[in-house]
Amino acid sequence: MSNAKDDDAVAGPVPVAPVPNAPTESGPVLAADGTPLKRSLSRALRRQKGRALLLVAPLLIFVLVTFIIPIGSMLFRSVENDIVSNTLPYTVQRLASWEAESGNLPSEDVYKAMYDDLFVAAEAKRHTRLGSRLNYEQTGISSLFRQSGRGVDDLAGDAADALEDAVPAFGEGETWYALMDAGSGEGNTTLLSNMRDRIGRLNDSAASAEMDFVPSAEIAAVLPRTARTYTEWAVYTVTEDERNPAERDPWELVSLALLEELPTADLSGLSAERAALLQQAQAVDFNVPSYRETLAEIDEEWGTVTPWETIQTHSSKYTAGYFLNAIDAQKTPDGYEWQPEEKQILLTLFGRTLFMSLMITGSCILLGYPVAWLLANLPAYKANLLMILVLLPFWTSLLVRTSAWKVMLQSQGVINDVLVWIGLVDDANRLVMINNQFGTIVAMTHILLPFMILPMYSVMQTVPPSYLRAAKSLGATNWTAFWRVYFPQSVPGIGAGSILVFILSIGYYITPEIVGGTSGVFISNRIAYHISSSLNWGLAAALGTILLAVVLVLYWCYDRIVGIDNVKLG
Amino acid sequence: MANTSTDAAFVEFERVQKSYDGVNLVVKDLNLSMPRGEFLTMLGPSGSGKTTCLMMLAGFETATHGDIRLGGTSINNIPPHKRGIGMVFQNYALFPHMTVAENLAFPLEVRKIGKSQREEKIHRALGMVQMNDFAGRRPTQLSGGQQQRIALARALVFEPELVLMDEPLGALDKQLRETLQFEITNLAHDLGITVVYVTHDQTEALTMSDRVAVFENGRIQQLAPPDQLYEKPENSFVAQFIGENNTLMGEIKEISNGTAVVQLDGGDLIDAVPVNVTKVGERTRVSIRPERVEMNKDRLMPGAKTLKAEVLEFIYMGDIFRTRLRVAGSDEFVIKTRNAPDQERLTPGTQIEIGWLPEDCRALDA
Numbered sequence: 001m002s003n004a005k006d007d008d009a010v011a012g013p014v015p016v017a018p019v020p021n022a023p024t025e026s027g028p029v030l031a032a033d034g035t036p037l038k039r040s041l042s043r044a045l046r047r048q049k050g051r052a053l054l055l056v057a058p059l060l061i062f063v064l065v066t067f068i069i070p071i072g073s074m075l076f077r078s079v080e081n082d083i084v085s086n087t088l089p090y091t092v093q094r095l096a097s098w099e100a101e102s103g104n105l106p107s108e109d110v111y112k113a114m115y116d117d118l119f120v121a122a123e124a125k126r127h128t129r130l131g132s133r134l135n136y137e138q139t140g141i142s143s144l145f146r147q148s149g150r151g152v153d154d155l156a157g158d159a160a161d162a163l164e165d166a167v168p169a170f171g172e173g174e175t176w177y178a179l180m181d182a183g184s185g186e187g188n189t190t191l192l193s194n195m196r197d198r199i200g201r202l203n204d205s206a207a208s209a210e211m212d213f214v215p216s217a218e219i220a221a222v223l224p225r226t227a228r229t230y231t232e233w234a235v236y237t238v239t240e241d242e243r244n245p246a247e248r249d250p251w252e253l254v255s256l257a258l259l260e261e262l263p264t265a266d267l268s269g270l271s272a273e274r275a276a277l278l279q280q281a282q283a284v285d286f287n288v289p290s291y292r293e294t295l296a297e298i299d300e301e302w303g304t305v306t307p308w309e310t311i312q313t314h315s316s317k318y319t320a321g322y323f324l325n326a327i328d329a330q331k332t333p334d335g336y337e338w339q340p341e342e343k344q345i346l347l348t349l350f351g352r353t354l355f356m357s358l359m360i361t362g363s364c365i366l367l368g369y370p371v372a373w374l375l376a377n378l379p380a381y382k383a384n385l386l387m388i389l390v391l392l393p394f395w396t397s398l399l400v401r402t403s404a405w406k407v408m409l410q411s412q413g414v415i416n417d418v419l420v421w422i423g424l425v426d427d428a429n430r431l432v433m434i435n436n437q438f439g440t441i442v443a444m445t446h447i448l449l450p451f452m453i454l455p456m457y458s459v460m461q462t463v464p465p466s467y468l469r470a471a472k473s474l475g476a477t478n479w480t481a482f483w484r485v486y487f488p489q490s491v492p493g494i495g496a497g498s499i500l501v502f503i504l505s506i507g508y509y510i511t512p513e514i515v516g517g518t519s520g521v522f523i524s525n526r527i528a529y530h531i532s533s534s535l536n537w538g539l540a541a542a543l544g545t546i547l548l549a550v551v552l553v554l555y556w557c558y559d560r561i562v563g564i565d566n567v568k569l570g
Numbered sequence: 001m002a003n004t005s006t007d008a009a010f011v012e013f014e015r016v017q018k019s020y021d022g023v024n025l026v027v028k029d030l031n032l033s034m035p036r037g038e039f040l041t042m043l044g045p046s047g048s049g050k051t052t053c054l055m056m057l058a059g060f061e062t063a064t065h066g067d068i069r070l071g072g073t074s075i076n077n078i079p080p081h082k083r084g085i086g087m088v089f090q091n092y093a094l095f096p097h098m099t100v101a102e103n104l105a106f107p108l109e110v111r112k113i114g115k116s117q118r119e120e121k122i123h124r125a126l127g128m129v130q131m132n133d134f135a136g137r138r139p140t141q142l143s144g145g146q147q148q149r150i151a152l153a154r155a156l157v158f159e160p161e162l163v164l165m166d167e168p169l170g171a172l173d174k175q176l177r178e179t180l181q182f183e184i185t186n187l188a189h190d191l192g193i194t195v196v197y198v199t200h201d202q203t204e205a206l207t208m209s210d211r212v213a214v215f216e217n218g219r220i221q222q223l224a225p226p227d228q229l230y231e232k233p234e235n236s237f238v239a240q241f242i243g244e245n246n247t248l249m250g251e252i253k254e255i256s257n258g259t260a261v262v263q264l265d266g267g268d269l270i271d272a273v274p275v276n277v278t279k280v281g282e283r284t285r286v287s288i289r290p291e292r293v294e295m296n297k298d299r300l301m302p303g304a305k306t307l308k309a310e311v312l313e314f315i316y317m318g319d320i321f322r323t324r325l326r327v328a329g330s331d332e333f334v335i336k337t338r339n340a341p342d343q344e345r346l347t348p349g350t351q352i353e354i355g356w357l358p359e360d361c362r363a364l365d366a
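Quick mapping for you: the protein sequence lines, in order, are chains U and C. The opening residue of the first sequence carries number 1 in my numbering; numbering runs sequentially from there. The opening residue of the second sequence carries number 1 in my numbering; numbering runs sequentially from there.
Simulated from the structure, these hints should not be mistaken for lab results. What you were told as hints is all true, and nothing was included just to trick you.
If you anchor each label on the Cβ, the simulated ranges turn out as follows:
no., chain 1, residue 1, chain 2, residue 2, range
1, C, 77, U, 407, 47 to 53 Å
2, C, 31, U, 483, 38 to 44 Å
3, C, 133, U, 362, 40 to 46 Å
4, U, 396, C, 77, 46 to 52 Å
5, C, 112, U, 528, 56 to 62 Å
6, C, 96, U, 396, 34 to 40 Å
7, U, 70, C, 133, 57 to 63 Å
Source: prediction; values computed, not measured. Note that CB positions come from ideal geometry on N, CA and C, so glycine has one too.
Work out the full structure: start from the sequences and follow the hints.
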């Protein structure tokens with residue numbers, strides 16, 4: 001329809017053709033071909049930008065995949081808490097309406113849901129994991145879960161035995177499959193996909209395996225719990241065991257559910273074969289006890305409010321629990337409170353990390369400033385030699401340097417030996433210089449010193465010596481000239497070096513680990529412990545996040561006070 | 001006793017030598033005496049030792065040998081901050097982390113001068129350089145000329161009797177330089193301060209100074225007021241270094257009564273003033289200023305010797321004409337004539353005759 005458009009233009013008042021590049025009174029500046037200059041420019045630049053992006057793309061992708069995404073997911077672990085609702089989905093759902101303040105135990109319904117959840121979790125061997133998670137919040141709960149996992153199949157086993165004794169056909173997997181599978185009848189696909197989802201979340205993996213089984217809609221309507229537990233089992237068997245459910249006996253939990261539901265079930269809507277089979281089973285005399293009593297029998301803890309409160313408190317998908325733990329606090333059913341005295345360690349560690357990092361930064365400034373000054377003011381050939389000495393540590397392995405300090409500082413080490421030999425120190429009272437804060441500060445000051453000297457040096461290089469001369473000619477003594485004129489101009493270098501050294505030392509790991517002993521370790525050593533030994537990754541992530549936040553806050557403060565533009569690294 | 005110091009001498013260098021490496025002397029046997037209130041410029045090519053002399057006076061370098069006296073007392077062992085000498089640096093050396101007012105307050109603060117007095121002095125010093133409106137600015141917010149004014153004010157604010165300036169106008173453009181030259185000279189004379197000024201710009205030296213010391217190779221080649229320096233250079237270095245100069249090589253034929261007859265290499269004979277030539281037969285470099293060359297025979301003394309010249313190039317420069325000639329075998333002989341209404345504009349190829357007053361023609365060392 002472009003012709004019509006042109007016609008319109010001609011038909012209307014003939015517009016004066018805009019002269020390209022002529023400054024029009026209003027509207028955008030036009031390029032030679034009549035397109036707006038801005039668009040024309042951006043089009044011209046797009047190609048360039050595209051090419052530049054293409055060049056950096058490999059690095060960008062590499063950094064994204066190997067650095068940003070892993071760090072992001074690690075930080076996310078500090079608030080992630082879906083293990084409770086994934087492992088105990090029905091319990092969490094029913095427990096939501098329970099009021100812990102009332103002091104009453106939860107209803108039988110909750111106990112029943114807990115029994116089902118525990119049974120499945122124990123079969124999938126996920127209950128101990130949940131136990132460890134909740135144990136961070138309430139000590140002792142992990143043994144409750146371990147205990148319960150062992151005892152939970154007793155009742156269901158009895159039920160299965162009773163059913164099989166009465167109707168031997170239920171000892172065959174095929175019987176069950178025929179009963180539960182939709183076959184040619186109507187299937188309940190919603191139930192199936194829900195259960196696939198549930199088992200997937202329980203196992204932290206998508207249950208994507210192909211399966212033929214579809215729960216029968218009529219059975220699901222008449223015997224909902226039986227159908228549900230059987231479907232859970234079927235999905236689990238296919239995805240985790242990779243076996244055909246038709247050839248396997250289902251969990252005993254299914255028998256228990258069936259026996260519990262049958263007496264009140266209305267079998268009239270079922271197909272004749274199913275009804276016949278179930279009528280036989282209806283005759284089984286099995287007295288289903290109270291689930292509350294059953295669980296309390298396994299572990300009497302279940303008969304108290306405590307575990308329920310804990311589960312309810314920590315059942316949400318996201319938690320501040322790890323962060324609270326990271327600052328020695330915890331969320332209890334009664335609100336937030338400090339951890340018991342003997343468990344409080346992390347705040348002290350944070351404080352120590354900050355204190356020692358400040359000490360290290362301070363000693364680096366004191367030791368590095370004169371060296372940087374010399375570097376900046378010596379003649380070139382001497383300065384080069386000195387620079388090599390400054391850089392020498394960079395060419396030596398960090399581990400070697402740290403170990404060397406161990407050799408130097410230990411009680412039978414070089415320094416102590418010399419002091420004893422001189423007679424300054426008694427042989428019996430050798431100085432303790434390692435495996436404490438002193439050792440860490442000495443070794444780390446040495447290791448981080450170049451990071452302080454180099455930025456200072458690069459800033460001092462830019463301060464012309466004529467400033468000092470001017471100050472002296474104006475009547476300032478050497479000290480005044482230095483303090484009032486030279487020092488203020490070297491502050492950006494001190495700032496840059498301090499930021500570098502402080503940030504490096506606040507997250508340092510190897511050196512404190514080797515020379516720090518117990519009193520000289522940093523928060524990073526605690527993070528490493530939680531990552532590799534206690535496997536409490538959530539807490540490790542929370543500690544790491546706090547560390548990152550502290551560094552960012554300090555950085556921000558520095559920017560406000562000194563100005564990041566003043567930082568010169570070269 | 002060969003003591004050059006007089007009662008009037010304020011700054012004195014006596015037999016001062018300076019060596020950095022123990023092999024070469026940067027300053028060789030320097031003797032200099034300055035009365036109070038003088039504006040003395042040390043002029044010379046780079047590496048001639050002028051800045052070293054200034055630094056020795058300021059106290060940033062120590063003399064290897066000799067004595068430097070200020071107001072009659074030797075200052076060799078006085079540290080720079082106790083000498084009370086104001087100094088202006090080439091790169092201004094204004095403290096970038098202080099405002100203009102703080103920069104000026106610095107020398108007063110270290111002298112423990114009270115706040116009210118301090119403010120008054122700062123105000124006065126800034127007034128001297130017309131920079132009172134800029135007291136709150138930082139040096140980086142000022143232009144080069146403004147920075148130099150502040151540097152000057154800072155060197156003057158504590159009222160030193162002696163101010164040293166180390167190529168203070170080197171980084172400025174020509175126009176600004178000329179304005180500041182004028183201002184600095186006036187200020188120095190108004191305040192009655194003694195100034196030692198170092199530069200390698202001869203125009204600056206000539207226009208500003210009471211006396212100029214021309215440095216070369218660690219020695220003062222000539223120490224004289226600007227007019228003498230220009231008109232009566234004492235050796236060929238000074239003659240070459242200061243202003244434009246025509247030189248002709250020749251040999252002394254005769255010396256008598258303060259005049260010498262020089263036979264140029266082309267064979268022509270000319271009259272000249274013997275300056276540092278003594279013997280007949282000595283090689284000499286004859287120097288004549290371009291503006292002292294006369295091509296109008298009527299203006300020459302009767303009997304004055306003239307030379308034939310061929311016009312090679314005529315350059316119109318506005319206020320003057322610059323004509324390049326071939327004279328006595330040299331193609332680089334230049335004459336300058338004023339752009340006066342009756343002044344002839346020569347065309348290349350013209351043959352003319354040129355001459356000069358004998359006292360304008362100086363026979364110097366070869």
